[in-house]
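Student: Residues per chain are reported as follows:
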Amino acid sequence: DVKVTQSSRYLVKRTGEKVFLECVQDMDHENMFWYRQDPGLGLRLIYFSYDVKMKEKGDIPEGYSVSREKKERFSLILESASTNQTSMYLCASSLTSGSRRYFGPGTRLTVT
Amino acid sequence: EDQVTQSPEALRLQEGESSSLNCSYTVSGLRGLFWYRQDPGKGPEFLFTLYSAGEEKEKERLKATLTKKESFLHITAPKPEDSATYLCAVQATSGGYQKVTFGTGTKLQVIP
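Chains as they are written, first to last, in the working numbering: chain A, 4 to 115; chain B, 7 to 118.
Source of the hints: derived by calculation from the structure; they are not laboratory data.
As the structure is a prediction and not an experimental result, all values here were calculated from the model.
Don't be surprised by glycine CBs; every beta carbon is placed ideally from N, CA and C.
One should not assume that every hint holds.
As the list claims (entries may be wrong) - Below, a sample of chain B positions facing chain A; criterion: calculated Cβ distance under 8 Å:
no., residue
1, R37
2, F40
3, Q97
4, V106
All chains should be built: construct the whole structure from the sequences, respecting the hints.
Tutor: Right, dumping it as structure tokens:
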């Protein structure tokens, strides 16, 4: 069974802290994605990667960066966390850029 | 700009009361349409992919249909365990790669 795992289910961080969210997939997919999900706004794409060491900005990249050093691992970094980054963060992978996403369980991040 | 609109935002049904969820879209170059189910606090779980107008897919009490402008998710004789948020997403060609745009979802509650 295919799997996408995320390092934490729940995180509480303070304003200004550097935050790392990690995602691992076991399907040998080239494409990986980070979304945030907020009530009434749906899923919004932060960054995606179509190959190791490659990254592309999504719709809302401000305040975030990413790292993909290995094919199976895609990290989201909040350089200096702010309260408006409190959200549910979802990682996903897919075989091609347009094919169905396989989602992880999500990380509920609260920034206080 | 690609747009995906889901309606209603929320739907409350009695157990056994059939209904439909709507996903209307405005995209250039539709390549596919996805339906996902999302339980509270979890990542979305894939249900169906539809590729062309007139196509239908079924799974248990769920049937998805596609026209040139919208998709419907029909729920026949729903049970309380069908309670979840249902997300629609469209795949379209954008700037040389395949982009997937999500709707904001319909939250379904089935009352025993």
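Student: What are the numbers of the hints the structure violates, in ascending order?
Tutor: none
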